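Protein chains in written order, with my numbering: chain U, 237 to 543; chain D, 5 to 532.
In short, the hints are calculated from the structure, not lab data.
Treat the hints loosely; a few may be bogus.
Using 30 Å as the maximum straight-line C-alpha spacing, the simulated DSSO-like pairs for lysine-lysine come out as follows [claimed, not checked]:
1. LYS275(U) with LYS512(D)
2. LYS148(D) with LYS192(D)
3. LYS514(D) with LYS221(D)
4. LYS448(D) with LYS410(U)
5. LYS395(U) with LYS90(D)
6. LYS155(D) with LYS395(U)
7. LYS282(U) with LYS146(D)
8. LYS282(U) with LYS187(D)
9. LYS227(D) with LYS395(U)
10. LYS400(D) with LYS389(D)
11. LYS72(D) with LYS389(D)
12. LYS275(U) with LYS531(D)
13. LYS400(D) with LYS227(D)
14. LYS275(U) with LYS276(D)
15. LYS90(D) with LYS274(D)
16. LYS155(D) with LYS282(U)
17. LYS148(D) with LYS90(D)
18. LYS146(D) with LYS389(D)
Going by beta-carbon spacing under 7 Å, a handful of chain U positions derived as facing chain D [stated by the list, open to error]:
19. ILE281
20. LEU300
21. LEU317
22. ASP319
Not close to chain U: a few residues of chain D, all C-beta gaps over 12 Å, as computed [stated by the list, open to error]:
23. LYS155
24. ILE242
25. GLU360
26. GLU405
27. GLY450
As the structure is a computational prediction, the values presented were derived from the model and not from experiment.
Built from N, CA and C at the ideal position, the CB exists for glycine as well.
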Amino acid sequence: MLRYVLRRFLTAIPTLFVIVTISFFLMRLAPGGPFNQEKGLNPVIKANLERVFHLDQPLWQQYLLYLNNLLHGNFGPSYNLPDFTVAELFADGLPISIQLGGSALVLALVLGGMLGIVAALYQNKPADYAVIATATAGSTIPTFVIAPLFQLFFALTLKWVPVGGWGDGAFVNKIGPVLTLMLPQLAIVARLMRGSMIESLRSHHIRTARALGLSEYSVVIKHALRGALLPIISYAGPAAAALLTGSIIVESIFAIPGVGRYFVEAALNRDYTLVMGTVVVIAIFTIVFNLIVDILYAVVDPRVRYD
Amino acid sequence: MKVQHSLKSWLIGCSLLAMTTTGAFAEVVYNRGNSADPESLDPHKTSTVYEANILRDLFMGLMVQDAKAQVQPGAAESYTVSPDGKTWTFKLRHGALWSDGSPVTADDFVFSWRRLVDPATASEYAYMLAPVVNAEDITAGKMKPDQLAVKAIDPETFEVTLKAATPYFLEMLTHQATYPVSKANVEKLGADFVKPGNLVSNGAYVLKEFVPNDHIKAVKNDKFYDAANVKIDVVNFIPTEDRSTAMKRFEAGELDSNDDMPTEQLADIKSKFGDEVHIGPYLGTYYYVFKTDKKPWDNAKLRQAISEAIDRDYLAEKVWQNTMIPAYSFVPPGITGYETRTTDYAEKSQLDREDEAKKVLADLGYGPDHPLKMEIHYNTSENHKNTAVAIQEQLKPLGIEVSLVNTDTKTHYGLLEQHGDFDVARAGWIADYKDPENFLALCKTGTGNNYALYSNTDYDGLMAKAAAAATPEDRMKALSDAEAIGVARDLCVMPLLYYSYHDLVSNKLKGWEDNVMDVHPTRFLSKE
Numbered sequence: 237m238l239r240y241v242l243r244r245f246l247t248a249i250p251t252l253f254v255i256v257t258i259s260f261f262l263m264r265l266a267p268g269g270p271f272n273q274e275k276g277l278n279p280v281i282k283a284n285l286e287r288v289f290h291l292d293q294p295l296w297q298q299y300l301l302y303l304n305n306l307l308h309g310n311f312g313p314s315y316n317l318p319d320f321t322v323a324e325l326f327a328d329g330l331p332i333s334i335q336l337g338g339s340a341l342v343l344a345l346v347l348g349g350m351l352g353i354v355a356a357l358y359q360n361k362p363a364d365y366a367v368i369a370t371a372t373a374g375s376t377i378p379t380f381v382i383a384p385l386f387q388l389f390f391a392l393t394l395k396w397v398p399v400g401g402w403g404d405g406a407f408v409n410k411i412g413p414v415l416t417l418m419l420p421q422l423a424i425v426a427r428l429m430r431g432s433m434i435e436s437l438r439s440h441h442i443r444t445a446r447a448l449g450l451s452e453y454s455v456v457i458k459h460a461l462r463g464a465l466l467p468i469i470s471y472a473g474p475a476a477a478a479l480l481t482g483s484i485i486v487e488s489i490f491a492i493p494g495v496g497r498y499f500v501e502a503a504l505n506r507d508y509t510l511v512m513g514t515v516v517v518i519a520i521f522t523i524v525f526n527l528i529v530d531i532l533y534a535v536v537d538p539r540v541r542y543d
Numbered sequence: 005m006k007v008q009h010s011l012k013s014w015l016i017g018c019s020l021l022a023m024t025t026t027g028a029f030a031e032v033v034y035n036r037g038n039s040a041d042p043e044s045l046d047p048h049k050t051s052t053v054y055e056a057n058i059l060r061d062l063f064m065g066l067m068v069q070d071a072k073a074q075v076q077p078g079a080a081e082s083y084t085v086s087p088d089g090k091t092w093t094f095k096l097r098h099g100a101l102w103s104d105g106s107p108v109t110a111d112d113f114v115f116s117w118r119r120l121v122d123p124a125t126a127s128e129y130a131y132m133l134a135p136v137v138n139a140e141d142i143t144a145g146k147m148k149p150d151q152l153a154v155k156a157i158d159p160e161t162f163e164v165t166l167k168a169a170t171p172y173f174l175e176m177l178t179h180q181a182t183y184p185v186s187k188a189n190v191e192k193l194g195a196d197f198v199k200p201g202n203l204v205s206n207g208a209y210v211l212k213e214f215v216p217n218d219h220i221k222a223v224k225n226d227k228f229y230d231a232a233n234v235k236i237d238v239v240n241f242i243p244t245e246d247r248s249t250a251m252k253r254f255e256a257g258e259l260d261s262n263d264d265m266p267t268e269q270l271a272d273i274k275s276k277f278g279d280e281v282h283i284g285p286y287l288g289t290y291y292y293v294f295k296t297d298k299k300p301w302d303n304a305k306l307r308q309a310i311s312e313a314i315d316r317d318y319l320a321e322k323v324w325q326n327t328m329i330p331a332y333s334f335v336p337p338g339i340t341g342y343e344t345r346t347t348d349y350a351e352k353s354q355l356d357r358e359d360e361a362k363k364v365l366a367d368l369g370y371g372p373d374h375p376l377k378m379e380i381h382y383n384t385s386e387n388h389k390n391t392a393v394a395i396q397e398q399l400k401p402l403g404i405e406v407s408l409v410n411t412d413t414k415t416h417y418g419l420l421e422q423h424g425d426f427d428v429a430r431a432g433w434i435a436d437y438k439d440p441e442n443f444l445a446l447c448k449t450g451t452g453n454n455y456a457l458y459s460n461t462d463y464d465g466l467m468a469k470a471a472a473a474a475t476p477e478d479r480m481k482a483l484s485d486a487e488a489i490g491v492a493r494d495l496c497v498m499p500l501l502y503y504s505y506h507d508l509v510s511n512k513l514k515g516w517e518d519n520v521m522d523v524h525p526t527r528f529l530s531k532e
């Protein structure tokens, strides 16, 4: 197992390299540059800026420079926020996005999982219909509708929570963003869980377990759940990578200083270093969570072995 | 039982916290919505109005703007000008201190201004010192920064030599790019001098915290010369990129003011907030440019016909909900001593204008059999799109086939800057300082922002005449004449709308004076 994990980490390095290379050159195909703006710069000033940020060098040299910096753990300064390095921006924002995304993910998995199990156990009964209806609503109402509604009702009408802001991480400031991030995930997890649980409950080993006279609790939680978890794990890996790296919609509506906004803003601003930083961060998260998923498979399903 | 217990102690803790925060320290906190975070807090690396709003509180230039945006002495107590208008001698405020307690000296200004024009700083606003002898050559790398014509005669006397008399020089000195930084501090800390805890400033406030995308906290600077009259203790600049959220936060009392609002809901906002909605003319113009070096747009008559047919009242009222004002000149009204020159159809009825435009188009050979095709480029924004669509509809009855091209901001301005191929494109200009020259320079031959590639010797001549004018009156007259040729006659830019500011300002906030620069230094405000 350890060797497997090590091997996966080693293959991650060339993967990252390919991602960085492709992104670096693709990004530069986009027209315009970081210093094009409504208030245009005079050519002398623009040339000075480009020199300071090495943008006046040939592209391949810039690429080598970037790779060299990256190997030294230096993501470079942000072009549009020159007071901060890309690493500083992530150091400030990533923990916030991880907190919100992580809470949303855990809640979605636990609550969604429970709802899914209940729906499966009471298949085609009112409880099941209620779960399906909630799940459908949850996955069809977009976050940019849920979030403002939440603000209107809980912040402006009931005044239970603030409209927005991080408030140095106060609990009340996190409720809205976490709920908004969680709802669509909860809906998906509940539906997945319901489907796989129904299937698992029909399988031979469950019939055997029932025939052996095991309690319903033992059948469902100890035996059926294990088999039913596989699709949830496959889903949770990429979902975690996406959730933990923030959401621009939730972050802008709730005025949260996470990193989700950078993925879009950096690209629109042609903030090349920040774009590359976001690419690397997402790539690492995706690689790590895919690995975790594969390991969890082995833990949950005895048939999977990595030897 | 355990849960109950912890809940109880939590509640007690909360109420204790509430008592200590509300009782003992009655510090006045102003939560100030500011559309975007600053790109930088280094005055020499700034470029946006959002930065200007923050830096105005942290720093003080030789001159400052008061609550009504009028120029007043700032770091300089007084000044004298030589008879030829070229040599300015500023007497610095006696005993003025940086926030670290060290004196603000003429040397700091010499250091700062050299730093601003130094190509290594790569300041976007280096041109704010363009009137100073050698400044432009230094920025272009042809001279050394220490050749800038600025001098510390003694620690409290700072002398500047200009290339020519520059009547708007004092206005320029209120701009954040000309602010001083502490020489000792920058030399000691390098690029890190802008970080909270490091930043030493000479304004009414000093930087305390900067959490990107969350808030910037500035606290009253007790070393500030007029600290006794500064009534707000803490100002939090809160980036409010989502305008709907900002409005809700204002409604909930989380923000005391915001510099924008969802203007598409203006009617509702006005009925909800009443006199807390502040709207008025702002020194900026929203315009389209024709590519004047490309046929058929090189024909000024054709440009005029199109301009004449555009119903600006409709754009202002229907598209922009009266948050913009119909414009027929490039320089907006509101600059003392300047006579704005508008196109001659500004006062005519829309129907007459359409008839005249049709006639011109027919004379030029355009008609149903030979329709004029025109492509409008604009950058992504709901309102830019709606404006372009409205113009497309307005030009349809004239037989002009308008097509629209939408690209993101960087692509759009990349195309304009590289003088790529287009027919008509959207742009906007917000004044850096209150002077017509700041607008009209855009139409001079070879200016970077002259996207139309307009070039006219008479126009350039009048601009040169204005620069060399002996009296302010002569200068304003020459500028006005230039606008009459370049804009009103030739449409080097086609003005569509003047910008307006639209602020949400709580009634608790006192001392807010509406002005064309939308400048509101916190030191002149108070909160009930």
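Provide an ascending list of the numbers of those earlier hints which the structure does not satisfy. 1, 4, 5, 6, 9, 11, 12, 13, 14, 15, 18, 20, 24, 27
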